[in-house]
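Those protein sequence lines, which keep their order, are chains V and R. Using UniProt numbering, you'd call the opening residue of the first sequence number 1 and step up by one each time. Using UniProt numbering, you'd call the opening residue of the second sequence number 1 and step up by one each time.
Think of the hints as simulated: they come from the structure by calculation, not from any bench. Check each hint, because a few of them may be wrong.
[To be verified] Below are the SDA-like pairs computed for lysine to any residue, each with C-alpha atoms no more than 25 Å apart in a straight line:
| no. | chain 1 | residue 1 | chain 2 | residue 2 |
| --- | --- | --- | --- | --- |
| 1 | V | LYS23 | R | GLN2 |
| 2 | R | LYS23 | V | ARG35 |
| 3 | R | LYS23 | R | SER52 |
| 4 | V | LYS23 | R | ASP36 |
| 5 | V | LYS200 | V | MET177 |
| 6 | R | LYS200 | R | HIS93 |
Residues per chain, in single letters:
Protein chains: 2
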Amino acid sequence: MQTSPLLEALMEALRCLPGVGPKSAQRMVFHLLQRDRGGGMRLAQSLTRAMSEIGQCADCRTFTEQDICTICANPRRAQSRQICVVESPADIHAIEQTGQYAGRYFVLMGHLSPLDGIGPEDIGLGRLQERLAVENIAEVILATNPTVEGEATANYIAEMCAHHNVLASRIAHGVPMGGELEMVDGTTLSHSLAGRQPIKF
Amino acid sequence: MQTSPLLEALMEALRCLPGVGPKSAQRMVFHLLQRDRGGGMRLAQSLTRAMSEIGQCADCRTFTEQDICTICANPRRAQSRQICVVESPADIHAIEQTGQYAGRYFVLMGHLSPLDGIGPEDIGLGRLQERLAVENIAEVILATNPTVEGEATANYIAEMCAHHNVLASRIAHGVPMGGELEMVDGTTLSHSLAGRQPIKF
Ligand SMILES: [Zn+2]
Ligand SMILES: [Zn+2]
Numbered sequence: 001m002q003t004s005p006l007l008e009a010l011m012e013a014l015r016c017l018p019g020v021g022p023k024s025a026q027r028m029v030f031h032l033l034q035r036d037r038g039g040g041m042r043l044a045q046s047l048t049r050a051m052s053e054i055g056q057c058a059d060c061r062t063f064t065e066q067d068i069c070t071i072c073a074n075p076r077r078a079q080s081r082q083i084c085v086v087e088s089p090a091d092i093h094a095i096e097q098t099g100q101y102a103g104r105y106f107v108l109m110g111h112l113s114p115l116d117g118i119g120p121e122d123i124g125l126g127r128l129q130e131r132l133a134v135e136n137i138a139e140v141i142l143a144t145n146p147t148v149e150g151e152a153t154a155n156y157i158a159e160m161c162a163h164h165n166v167l168a169s170r171i172a173h174g175v176p177m178g179g180e181l182e183m184v185d186g187t188t189l190s191h192s193l194a195g196r197q198p199i200k201f
Numbered sequence: 001m002q003t004s005p006l007l008e009a010l011m012e013a014l015r016c017l018p019g020v021g022p023k024s025a026q027r028m029v030f031h032l033l034q035r036d037r038g039g040g041m042r043l044a045q046s047l048t049r050a051m052s053e054i055g056q057c058a059d060c061r062t063f064t065e066q067d068i069c070t071i072c073a074n075p076r077r078a079q080s081r082q083i084c085v086v087e088s089p090a091d092i093h094a095i096e097q098t099g100q101y102a103g104r105y106f107v108l109m110g111h112l113s114p115l116d117g118i119g120p121e122d123i124g125l126g127r128l129q130e131r132l133a134v135e136n137i138a139e140v141i142l143a144t145n146p147t148v149e150g151e152a153t154a155n156y157i158a159e160m161c162a163h164h165n166v167l168a169s170r171i172a173h174g175v176p177m178g179g180e181l182e183m184v185d186g187t188t189l190s191h192s193l194a195g196r197q198p199i200k201f
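Can you make the complete structure from the sequences, with help from the hints?
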């Protein structure tokens, strides 16, 4: 837009958002200018506060503007003596939605990836080891992604847990509920066969 | 994200952008927090300036932070004595890209739409009439979208031009009917500009 350097700059700045290309950036700018300047201003304020105030929980490493997040600070959450290890804060959200888990979390913010130079310290395992040593933990539930890196990371942490005499468990992998068996990929199906459970009455 | 009200607020604020749903808002927030806080801060600053400083050109109504945009302020642009009428600032961008046009523009920021209560004044036709009366204009090129509303708007303006003894022309319908001007490729747009026809009554 040769008629407005500010407009051009905003189109460029929007490209920092994943999935936003030149065309959608243009559509966003015109939408905001023509129909929602208030929304654009609120977005700017929200961005500024979030980028400058959100840090990581000192206990579980999830994103929070507090020193200790509300989940870690909740004494009822500590009672279960469980820690669920996930790769990202979004995974906490997904697990919370199930309503099936009442323990605490530990967020790796990634996974081990030696080829990319991402080692144990980069995913906070020093802090996890501290917690295993100091807190009275009964079980570490490994809920990393079912990928090669996620599996390797889960195995690495399981060994750490064994070293501290803490039970480590891995979430079950298998056929997704509500899906059709023939649509499931072979690897998943292998896992679900290997991980079969006896039916008890 | 029950662990961070600021994060939740940002996810909500991002929804003001067209095409951004809950899932992509979440992906954007995590991407910025984990990998590009600098980009997020720059976006916030750019948004603030754009939303508060960008207005409309007093002559052509396109988005600009100046009183008169650079195209209107360019005396060489006035020499052609042509005004190209488009529906949106994005259309100016598309036409400029063809390199086929050296005149000035008039941006309607929409089109006539009686059913939605959008009349001539809402699309700035009062200002266009002023320009037809005061400036020595040789030709008005009607480059509204090839839609029912765009055609109706073009015809309305053509009548206005006839009243002021100014030649009105319509860009050739090499532009596919029912599409939006800003989506058209440059070659098609060049052809449609070159093949414009005077509107006769
Ligand atoms: Zn926490
Ligand atoms: Zn202008």
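Right, here's what the structure says about each hint:
Of the pairs offered as hints, the one joining LYS23/V and GLN2/R is violated, with about 34 Å between alpha carbons and a cut-off of 25 Å exceeded. Among the hinted pairs, LYS23/R with ARG35/V is consistent with the structure: their alpha-carbon atoms are about 23 Å apart, no more than 25 Å. A C-alpha spacing of about 29 Å is found between LYS23/R and SER52/R, which places the hinted pair above 25 Å, so the restraint is violated. A threshold of 25 Å between alpha carbons decides the hint, and for LYS23/V with ASP36/R the separation of about 21 Å falls inside it, so the pair holds.
The suggested pairing of LYS200/V with MET177/V holds, with an alpha-carbon distance near 20 Å, which does not exceed 25 Å. A C-alpha spacing of about 29 Å is found between LYS200/R and HIS93/R, which places the hinted pair above 25 Å, so the restraint is violated.
Checked against the numbered hints given earlier, the structure breaks hints 1, 3, 6 and satisfies all the rest.
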